[in-house]
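Undergrad: Those protein sequences? They're chains W and G, same order as listed. Under our numbering, the first residue of the first sequence carries the number 9, and numbering increases by one thereafter. Under our numbering, the first residue of the second sequence carries the number 181, and numbering increases by one thereafter.
Please keep in mind that the hints were generated in silico from the structure rather than gathered at the bench. Just so you know, not all the hints are guaranteed correct.
Unchecked claim - Quick look at which bits of chain G chain W covers, simulated, 3 or more residues with Cβ under 8 Å: (1) 216-222; (2) 257-267; (3) 282-292.
Claimed, not checked - Just the calculated beta-carbon pair ranges, DEER-fashion: (4) G:E248 to W:P87: 43 to 51 Å; (5) W:T53 to G:E248: 38 to 46 Å; (6) G:E248 to W:G24: 45 to 53 Å.
Bear in mind that the values here come from a model prediction, so they are computed numbers and not experimental data. Built from N, CA and C at the ideal position, the CB exists for glycine as well.
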Amino acid sequence: DQQVKQNSPSLSVQEGRISILNCDYTNSMFDYFLWYKKYPAEGPTFLISISSIKDKNEDGRFTVFLNKSAKHLSLHIVPSQPGDSAVYFCAASDQTGANNLFFGTGTRLTVIP
Amino acid sequence: EAGVVQSPRYKIIEKKQPVAFWCNPISGHNTLYWYRQNLGQGPELLIRYENEEAVDDSQLPKDRFSAERLKGVDSTLKIQPAELGDSAVYLCASSLTENEQFFGPGTRLTVL
C-alpha cells in the first residue's frame, strides 16, 4: 500500500522554464514532508522540506507547497537548469518519534537546454 | 565532512549465496537506517538503529536478513541465502536530527 504517490514517472521541461513536480499522500498522520534529489549511481540527497504548520517553504530556486486538505504537495523549480535533471523523490514522515520516511516512486526530471 | 560510506558499490552473486553490505555513517550520527530500493520504486525502510539498538525492524525479512551495529557506529546488513527477488539497491542513511537523513551511494546487488 503506497502511502506516498508520485503519479508522473517523468517530466521534461525547457531550460529557464518552471518545473512542477507533484506528490500525493494518503496517511493523515504525516506532518513533515521532504524532497530528495537523486543522480544516477548516487544516493538521494536532501533538497527541501516543509512542516505541516506551513503551506510554503522556499529555498532559492526551489519552493515546496503543501495543501493539507488535499493531501498534496508540489515542488517548483524556477528557473529550471540542465543540472536539475535527476530523479526527485517525495518523502513523508509522522513526528511521533519514529523518524521513518515513506518515499514515493520518484519523478525523473529532464531539463532540455 | 565525510558522507555516509558504503561498500561494496556493486555485488553480483548467485542465488542461495550469502552476501553482506557495510555502512559507515557520518561521524556523530546516532541514527542509522538501511533501505532497499527496487527498480522504479522509492527506498523502503528495512531497519533503523538508535546507537546500537534496532528500534524498528518490522520491515526486515528476518528469515534471511540480519543486521548489526556493534558499538553504535558502523553497521552490516546480511542476506543468507540470497534470492532472485533480493536484487535491488541497498541504501544506508544516517541522521543527527529528526527527519533529515543523509544517504550513502548504495550497494547495487544482482542475484543471478
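Undergrad: Determine for every hint whether it applies to the structure shown.
TA: We went through each hint and held it up to the structure:
no., hint, verdict
1, 216-222, "holds (count 3)"
2, 257-267, "violated (count 0)"
3, 282-292, "holds (count 5)"
4, G:E248 to W:P87: 43 to 51 Å, "holds, 47 Å"
5, W:T53 to G:E248: 38 to 46 Å, "violated, 27 Å"
6, G:E248 to W:G24: 45 to 53 Å, "holds, 50 Å"
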